[in-house]
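**Student:** In the order they appear, the protein sequences are chains A and B.
Residue numbering for the first sequence follows the working numbering, beginning at 1 and increasing consecutively.
Residue numbering for the second sequence follows the working numbering, beginning at 1 and increasing consecutively.
Just so you know, nobody snuck in bad clues.
Output of the computed footprint for chain A on chain B, the stretches with three or more beta carbons under 8 Å from beta carbons of chain A:
1) 52–62
2) 109–117
3) 120–134
Source of the hints: derived by calculation from the structure; they are not laboratory data.
Don't be surprised by glycine CBs; every beta carbon is placed ideally from N, CA and C.
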Amino acid sequence: MNPEGPIQKILLYVDGSEECITAAQYGVALAKETGAELKAVYVVNISLLEELVKARIFIKIEEMDYQQDLEQDGKRYLHYISEMAGSKGVSIETELVKGVVNKEVVKKIEEWHIDLLVMGELEQIHSRTDTYHDEAELIFRKAKCSVLFVKHADAVERMFESLE
Amino acid sequence: MRIFDLLNEQLISVSLDKADKQGVIEKLVDLAVTSGKLTDRDAVLQAILDREKLMSTGLEHGVAVPHAKTSAVSGLVLALAISREGIDFQSADGNLSHLFFLLLAPVAAAAPNIQTLAQIARLTGNSEFCESIKSATSAQDALEIIRRAEK
Numbered sequence: 001m002n003p004e005g006p007i008q009k010i011l012l013y014v015d016g017s018e019e020c021i022t023a024a025q026y027g028v029a030l031a032k033e034t035g036a037e038l039k040a041v042y043v044v045n046i047s048l049l050e051e052l053v054k055a056r057i058f059i060k061i062e063e064m065d066y067q068q069d070l071e072q073d074g075k076r077y078l079h080y081i082s083e084m085a086g087s088k089g090v091s092i093e094t095e096l097v098k099g100v101v102n103k104e105v106v107k108k109i110e111e112w113h114i115d116l117l118v119m120g121e122l123e124q125i126h127s128r129t130d131t132y133h134d135e136a137e138l139i140f141r142k143a144k145c146s147v148l149f150v151k152h153a154d155a156v157e158r159m160f161e162s163l164e
Numbered sequence: 001m002r003i004f005d006l007l008n009e010q011l012i013s014v015s016l017d018k019a020d021k022q023g024v025i026e027k028l029v030d031l032a033v034t035s036g037k038l039t040d041r042d043a044v045l046q047a048i049l050d051r052e053k054l055m056s057t058g059l060e061h062g063v064a065v066p067h068a069k070t071s072a073v074s075g076l077v078l079a080l081a082i083s084r085e086g087i088d089f090q091s092a093d094g095n096l097s098h099l100f101f102l103l104l105a106p107v108a109a110a111a112p113n114i115q116t117l118a119q120i121a122r123l124t125g126n127s128e129f130c131e132s133i134k135s136a137t138s139a140q141d142a143l144e145i146i147r148r149a150e151k
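Same shape as in the complex, but just chain A (with noise of 0.2 Å):
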């Protein structure tokens, strides 16, 4: 780590997109490139579970049964993400939790002393309601570093191919 660069800690947000795994490899080579410590986070949607039982469309055991692939889903993501950076000589310290996704994220930002938070584009927006419930729009609005968005996956790859 380059102790007087102005970036110290990295998060990579996952969320399982293809942007974030976009994100990531930017991630990864700025890390690299800065020798900035990384890190990444998965959160298990567990509000949007709740909604699901109270508005009656899930029952208990649907719940606890969704809840486990979302688990599975983030543990894997976060398996490929750690491979991915281990491939590049980059180590990354990787942690899934449960809660609501942009409240833990923010969160970690702040337990981690984290200076540059990396995530995937954003979706389009087509209504009001949109930036109520998309949580990476909640996150890019609540967090309180500095925010990178990945865009172009075909020349982030490319470059994360030629990293040595």
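For chain A, the structure is supplied; the task is to place chain B on it using the hints.
**Tutor:** Only chain B this time, still in chain A's reference frame:
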């Protein structure tokens, strides 16, 4: 995750009448078949019926959301059927159901599945939307009502 993006005119029926619960589910599955994403119609039907046995997905205010995750679909599939007269779907409030949203999801698609169900819950939580779509005269009309509601 927009409901509008998952639907098309072939996946919507606005004239679902004189059917029982089994008939509604079969009609919805037949609509879903038009997506081309079902690999086994009977397995899908059974998955929905198995879920209904645990507890009816007939909610309050005339809405029902039968759903299942199954290996018999290759992607997220949504179908919508509307009954003006209403059908007994063993709903939570004992009233007849008018709007039937069927959601099928592959086993490994937990997050988009949950997000879509949540979006259906939000949309149908709006009584104005429910009244409006209940009176849709065509699939095109229903699609337009959904598009406007999600704008």
